[in-house]
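The numbers in UniProt numbering rise by one with no breaks, and the one at position 20 of the sequence shown is 20.
Because the hints were derived from the structure by calculation, they are not lab data. Don't take every hint at face value.
Stated by the list, open to error - Under the rule of at most 25 Å between Cα atoms (straight-line distance), these lysine to aspartate or glutamate pairs were calculated in the DMTMM-like manner:
| id | residue 1 | residue 2 |
| --- | --- | --- |
| 1 | Lys442 | Glu415 |
| 2 | Lys331 | Glu530 |
| 3 | Lys247 | Asp296 |
| 4 | Lys408 | Asp398 |
| 5 | Lys246 | Asp267 |
| 6 | Lys62 | Glu76 |
| 7 | Lys466 | Glu415 |
| 8 | Lys593 | Asp561 |
| 9 | Lys313 | Glu126 |
| 10 | Lys118 | Glu155 |
| 11 | Lys390 | Glu376 |
| 12 | Lys228 | Glu242 |
| 13 | Lys114 | Glu155 |
| 14 | Lys106 | Glu122 |
| 15 | Lys219 | Glu324 |
| 16 | Lys313 | Glu324 |
| 17 | Lys351 | Glu530 |
| 18 | Lys99 | Asp131 |
| 19 | Lys288 | Asp610 |
| 20 | Lys587 | Glu194 |
| 21 | Lys118 | Glu104 |
| 22 | Lys179 | Glu155 |
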Amino acid sequence: MDGWVGGSKKFFTTSRLLFEPVNEFFADAICNRDDCVLQVSVRVTTMDAELEFAIQSNTTGKQLFDQVVKTIGLREIWYFGLQYTDTKGYITWLKLNKKILNQELKRESPLQFKFRAKFYPEDVSEEIIQDVTLRLFYLQVKEAILSDEIYCPPETTVLLASYAMQARFGDYHPDVHKKGFLANERLMPERVREQYKLSSDQWEEKIVSWWSEHKCMMKEDAMGEYLKIAQDLEMYGVNYFEIRNKKGSELWLGVDALGLNIYEKADRLTPKIGFPWSEIRNISFNDKKFVIKPIDKKARDFIFYVPRLRINKRILALCMGNHELYMRRRKPDTIEVQQMRAQAREERQQKVAERERLQREIAAREAAEKKQREYEDRMLEMQEDMERAKRDLTNAQDTIRRLELSLKELQQAQENLARREEEVKHLGTRLAEEREMEASEKDKLEAEIRRREAEIAAVRREVSEKDAQTRRLQEEVEEARRRQQEASEALLRATTQALHHNKAHNVFEHMEDNYALSNGGDYSTLNEVELTSDEYANVPQWEVDRQTAIERNQNIQTRLDALNADLEKMRDRDKVTEYDVLHMENKRAGRDKYKTLRQIRAGNTQRRIDQFENMV
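With the sequences and hints as input, model every part of the structure.
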C-alpha cells in the first residue's frame, strides 16, 4: 500500500494491488500479460469517518476487513465486523472467508458497508486497550442511547450528556461556552426531551452543572466514564432475537457478552431466565430449530424456534464469538495483548505528561494574567491616587497663598498694634505732664486712653487669631507636601512593577506560542459448534458480583436521585413509555442489571430450562 490521501480519505496504489480509488461500480479492468481483473468501488463508514476503496472482483471479506483496520490503526479487531443490508433488506455481517461479490449484496455503486462493533466487552475499563477502540465503542454506544436502541433513564442521560460534552469540547469555560451553546447539540433521546416540560436552556443548565465538575478530565477519560455508566444499562450490548418455546410462546432471546437470557415479549429490559456461557457445552441448529446442550449432563437440551433460518446462523455466530471472548477474559493475556497493553500504558503516560505540561503552562498563564489584571487595577488605583494628589497639591498651593496673605495681614496688624501702643504711651506721658490740666480735659484724655487701649486689645485678639490661623495653614501645607511625596513614590513603584510584569507576560505568551475472533475464522457456514469443555465449566462468573458504576459512587448516586426528584415535578405523565414504567418498577424493587443477573441464574440448569419451557 503506497499511501493515504488525507483530505479525501481514499487510498491510492500502484500496479495490481487490491485497493485503488474509483468512481464507477465496475471500473476499467486492470490487465497484464496473463489476465484482467475487474474492480468495484466500496465505501466503508466507521462511526467517525468514511473510507473509499476499489476492490477486485475476487477480494474476500477478510481482505477488505484487514484494509479497514489497518487504515484506522485498530489492533483490537476481535470486537468488530463489516455490516451491510442484504438484498432482502436484512442487516447482515459480511462473511470474512468468502468473496465479497459472492455474498447477498445490493448491486449499488459504491458498495456500502458499516464498520461496527459486533461484540462488546464486559468491562470497558479493564478490557479496552487502544484509544481508537475506546472512541469507536463510545460513538456507537452513544448513538444507540440517543436513538433509544438502548433504554437510558432520564436523569442518567443528563450525566452521560455531560461526559459527552467533556469528550467533545474539553473543560467547560463560562466565557467560551455561553448560554445557548448547547442548543443545537444532540445530547439526549427525543423521548426524554418530549417527556418533560423543560426548555432547552433549562436542560442546558442541568447538563452544565455536571459538565463543570469534569474539569481537567482528558477526553479519552470522559469517553471511558461514559461507557462505564452505559455498560450498566440493561440493554447495553444485547442482540435480541424473536423466538418461541415448545409451547409456542413468543419470547425474546438476548445474546450478549455474559451469556444467553430469555425475556418476555413485552419486556426487553428485564430478563427472566439466564444461562452464562460457562454452562453451555454445545450449540447447533437444524432449519428453524436451535438446540443448546448444557454442561450439566443431567439437564435436558434447551430448545427454541426462530422464524427464519438466517436468524439461527446469526445466533450461532454471535454465540461463538461471545463465548470465546468470555473464556478468553478468564485466562491470562496472550503475549500480543500484553504488548498492546504495555504500549497503550506508555502512550497514555506520554499523553498524561503532555497534558500535565499543558496544564502547568495554562496555570502559569492564568496566574500571569491574574497578576496583569492586579497590576492594571493597581495602576488605576495609583492614577486615582495621583489625581487626588494633584488636587491636594492644588489645595495646598491655595492654602499657601492664603497663608501668605494671612501673614501679610498679621504683619500689618502687628504694625498697627505697635503704632497704637506708641500712641497710648504718648498719651500717658502727656497725662503725666499735664496733671495740672483742667478736670474736663483730663477726663477727655482718660477716655481717649481707654478707647485706645480697647482698640489695642481688639488688635491683639485679631493678631492672636491670625497667628493661630497661620499655624493651621502651615500644618495643612506640611500634610499636603507629605501626601504629594507619598503619591510620587507610589507612582514610581507602580511604574517599576508594571515594567517587570510585562517582561514575565511575554514569557508566558511564548510558552503558549484475529478476524471474527483470534483465529480469524467465520462461523457462518457452521450449524453446530462445541463451546465449553468440562475443564472450563467452573470458570468464575465475575459479573454476578459486580456493582453498577453509579452504585459505587455515593456522591453521584445522591445527586442523580435529587435530579430525578426534580425532573419528576416536570414530567408529562401522558408521555411516559412502557420502558419508563418497567424501569421505575425495577428501581422500586431495588433491581439493577447485576442483581437481576444473580436472580435469573439461581437454581440448577434443568430448573431454568423447565422455567423457560413453561413461559407463556
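**OP:** Return the numbers of the hints above that this structure violates; sort them in rising order.
**Re:** Numbers 1, 9, 10, 12, 13, 14, 15, 17 and 18, in rising order.
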